[in-house]
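Student: These protein sequences, in sequence, are chains B and U.
The first sequence begins at 426 in this note's numbering and counts up by one.
The second sequence begins at 426 in this note's numbering and counts up by one.
No wet-lab data here; the hints were simulated from the structure.
The structure displayed is predicted, hence computed values, not measured ones.
Check the hints yourself; a few may be wrong.
Claimed, not checked - Stretch-level coverage of chain U by chain B, calculated; a stretch enters the list once three of its residues show a Cβ under 8 Å from a Cβ in chain B:
no., segment
1, 452-459
2, 466-474
3, 487-499
4, 609-620
5, 631-640
Claimed, not checked - Each computed PhoX-like pair below joins lysine-lysine, with the alpha-carbon atoms no more than 20 Å apart:
no., chain 1, residue 1, chain 2, residue 2
6, B, Lys476, U, Lys448
7, B, Lys502, U, Lys463
8, U, Lys523, U, Lys448
9, B, Lys463, U, Lys463
10, U, Lys517, U, Lys601
11, U, Lys476, B, Lys463
12, B, Lys476, B, Lys502
13, B, Lys463, B, Lys620
14, B, Lys601, B, Lys517
15, U, Lys537, U, Lys548
16, B, Lys463, B, Lys548
17, B, Lys448, U, Lys476
18, B, Lys502, B, Lys463
19, B, Lys620, B, Lys523
20, U, Lys601, B, Lys647
21, B, Lys620, U, Lys620
22, B, Lys559, B, Lys448
23, B, Lys463, U, Lys530
24, U, Lys559, U, Lys620
25, B, Lys620, B, Lys502
26, B, Lys476, U, Lys463
27, U, Lys463, U, Lys530
28, U, Lys548, U, Lys559
29, U, Lys530, B, Lys601
30, B, Lys517, B, Lys463
31, U, Lys476, U, Lys502
Just so you know, even glycine gets a beta-carbon here, dropped at the ideal spot from N, CA and C.
Protein chains: 2
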Amino acid sequence: MNVVLSRDGQVRAMEATVVSAEKHFGQLCSLLAAHTRKTARLRDVGDRLVKQLIEVAGSEAPDLRVTLREVAEDLAKVQDYRQAQVERLEAKVIGPLKLYGTQIKQTRAEIKRFKQVQSHELKQLERLEKLRQKSPSDRQVISQAENSVQRASVDASRTTRQLEDTVNAFQRQKLKDLQRVFLDFVTIEMLFHAKAVEVYSSACRTLGSYDPEQDLQDFQAKIWGAAGHVKARPLTDAILGPPSGQSTWSIPGSQATQEEASGDDSADEAALEDLRGQEQGRQH
Amino acid sequence: MNVVLSRDGQVRAMEATVVSAEKHFGQLCSLLAAHTRKTARLRDVGDRLVKQLIEVAGSEAPDLRVTLREVAEDLAKVQDYRQAQVERLEAKVIGPLKLYGTQIKQTRAEIKRFKQVQSHELKQLERLEKLRQKSPSDRQVISQAENSVQRASVDASRTTRQLEDTVNAFQRQKLKDLQRVFLDFVTIEMLFHAKAVEVYSSACRTLGSYDPEQDLQDFQAKIWGAAGHVKARPLTDAILGPPSGQSTWSIPGSQATQEEASGDDSADEAALEDLRGQEQGRQH
């Protein structure tokens, strides 16, 4: 009976190995799949950020426009690398881990088959014991039962050896697969991050070399440029005609007003057109 | 009236600048916040992966255990850097963009105030026109209306200058903020990715140097070691006593069976205990 117990212990140990692998690989697979999904979400947000940056760039001053477009291109590159990362994770990490489920099922089927053989052996053994107690003198029946036990036992031995091979191969594969899958995982991640460093360095240089001053002068010229001639001129100059010399016309702080009173209406119209055009450009 | 129209055009251009900035900064803020949130989710999955790896390591063979624990430590470091990345993005990118909303509100309030002053100027102007048509000879009333127009016009001029300053400052700030926020964004990202490359390189080395062979021998010794003495021995040897010399006992391929028949029961028991202990260790 000790041999049966020992075999039973082995089978339970093998089952435990396979069940534990099934559980662990399943959980690792679902977590690595979640990692891949979250990475894909990050890529989606990145894609939207690229679009938004291009839109913002379109309505900004010339230098900033060029700067933001370059940054958007770099961000788009990062998303391309992220897409490659997602595809590689799916092919080299998630895929193999999913396939692993099939292997585990096969090994569990082997174990089940062995258990049936083992159970048959035990039954033959019990039958023999009963016969020995019931009719100890019936040599022919006992000899037949002994033969049955012998055959069942040989079956069990052979199945044990097969199981041994299967579980050894399974364990070897498991160790190698864990190593391979995680080596692929960290390699894929490392390569992505290395590419991202490269691209973000370029974006850093682009943004660092942007100088807002030129754009600011451009903005001021557009908003205040031609319009500046009239901006501080009191309406009264145009409506009421030239100052009549009364003391009330001379207002403290309105010096610029009088200096700029020479602007003519056609220039004002041009400025207005310019502003309208600019405004339409922004809404564009 | 051209001056009024020109001012109106300026105000609309300024409003367009501010409204466009409000819209763009709002959208950038929400996208960068989404990027930060998705990064935080990736960190959460990473944390769960670290825990799972430590659990898996605990039930694996010695060398793989050490390897997986080192990889888990590296993965944990990446999550720490990711946490720092999330905090820095919140402080240096999302925070400033949110504050920007307040600045935009202030500028819009300035523009609203200017519009009121401008509307008052226009009303005074219309009143003067009416009086001139109704009672062109009433010099006193017309003179009073002219004074009102003059005051309103001076008010409008002063407010225009204030608005000019406000919008110039706003635009300068906007250009610098866009540069600053994106420079901070790409710098924070770049630093994170650089750290990640470092850590994943270390994990690559750890995993690359793992050799499953020693662990496999360890596994075989545990499952088949002591138990191996009985595994292929037919049960009949123990139950039926030594072979009786009958030809049926001599089964082809069972040579190992007979060679190993010398294993004793106490050794089997010890192996069984060992296996049970190991099984409990796996469930642990």
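Student: If a hint holds in the structure, say so; if it does not, say that too.
Tutor: Going through the hints against the structure:
As drawn, the segment 452-459 of chain U meets chain B at 5 residues by the rule of a beta-carbon pair under 8 Å; at three or more, the given contact holds. Coverage of a stretch by a chain is defined here by at least three residues with a beta carbon nearer than 8 Å to that chain's beta carbons; for the segment 466-474 of chain U and chain B the count is 6, and the condition holds. With 5 residues having a Cβ less than 8 Å from any Cβ of chain B, the segment 487-499 of chain U passes the three-residue criterion, so the hint holds. For the segment 609-620 of chain U, the stated coverage by chain B holds: 6 residues have a C-beta nearer than 8 Å to a C-beta of that chain, and at least 3 were required.
Only residues whose C-beta sits within less than 8 Å of a C-beta in chain B count toward coverage, and the segment 631-640 of chain U has 5 of them, enough to reach three; the restraint holds. Of the supplied pair hints, the one linking B/Lys476 and U/Lys448 holds, its CA atoms being roughly 14 Å apart against a limit of 20 Å. Note on B/Lys502 and U/Lys463: the hinted pairing holds, with a Cα-Cα distance of about 19 Å set against a maximum of 20 Å. Under the criterion of a C-alpha separation no larger than 20 Å, the hint pairing U/Lys523 with U/Lys448 is consistent with the structure, at around 12 Å.
Distance restraint check for B/Lys463 and U/Lys463: the Cα-Cα separation of roughly 7 Å lies within the 20 Å cut-off, and the hinted pair is therefore satisfied. Note on U/Lys517 and U/Lys601: the hinted pairing holds, with a Cα-Cα distance of about 14 Å set against a maximum of 20 Å. Between the alpha carbons of U/Lys476 and B/Lys463 the distance comes to roughly 18 Å, so the proposed pair stays at or under 20 Å and holds. For the suggested pair B/Lys476 and B/Lys502, the alpha carbons sit about 13 Å apart, so the restraint of at most 20 Å is met.
With a C-alpha separation of about 19 Å, the suggested pair B/Lys463 and B/Lys620 falls inside the 20 Å cut-off, and the hint holds. A distance of roughly 14 Å separates the Cα atoms of B/Lys601 and B/Lys517; the hinted pair therefore holds under the 20 Å criterion. Under the criterion of a C-alpha separation no larger than 20 Å, the hint pairing U/Lys537 with U/Lys548 is consistent with the structure, at around 17 Å. Restraint check for B/Lys463 and B/Lys548: not satisfied, since their Cα atoms lie roughly 54 Å apart, outside the 20 Å limit.
Proposed proximity of B/Lys448 and U/Lys476 is supported: the alpha carbons are some 14 Å apart, at most 20 Å. Proximity of B/Lys502 to B/Lys463 is assessed by CA-CA distance (about 18 Å); at most 20 Å being required, the pair is judged to hold. Pair hint B/Lys620 plus B/Lys523 does not hold up; C-alpha atoms about 28 Å apart against a cutoff of 20 Å. For the suggested pair U/Lys601 and B/Lys647, the alpha carbons sit about 19 Å apart, so the restraint of at most 20 Å is met.
A hinted pair counts as satisfied when its Cα atoms are at most 20 Å apart, and B/Lys620 with U/Lys620 qualifies at roughly 13 Å. The straight-line distance between the Cα atoms of B/Lys559 and B/Lys448 is roughly 48 Å, outside the 20 Å bound, and the hint therefore fails. With a C-alpha separation of about 36 Å, the suggested pairing of B/Lys463 with U/Lys530 is violated against the 20 Å cut-off. Restraint check for U/Lys559 and U/Lys620: not satisfied, since their Cα atoms lie roughly 81 Å apart, outside the 20 Å limit.
The hinted pair formed by B/Lys620 and B/Lys502 meets the criterion: a straight-line CA distance of about 9 Å does not exceed 20 Å. For the hint pairing B/Lys476 with U/Lys463, the CA-to-CA distance comes to about 18 Å; that is within 20 Å, so the pair holds. With a CA separation close to 29 Å, the supplied pair U/Lys463 and U/Lys530 exceeds the 20 Å bound. With a C-alpha separation of about 16 Å, the suggested pair U/Lys548 and U/Lys559 falls inside the 20 Å cut-off, and the hint holds.
Of the supplied pair hints, the one linking U/Lys530 and B/Lys601 is violated, its CA atoms being roughly 61 Å apart against a limit of 20 Å. Our distance criterion of 20 Å between C-alpha atoms is met by B/Lys517 and B/Lys463, whose separation comes to about 17 Å. Straight-line distance between C-alpha atoms of U/Lys476 and U/Lys502 comes to about 13 Å, which keeps the hinted pair within the 20 Å bound.
Checked against the numbered hints above, the structure breaks hints 16, 19, 22, 23, 24, 27, 29 and satisfies the rest.
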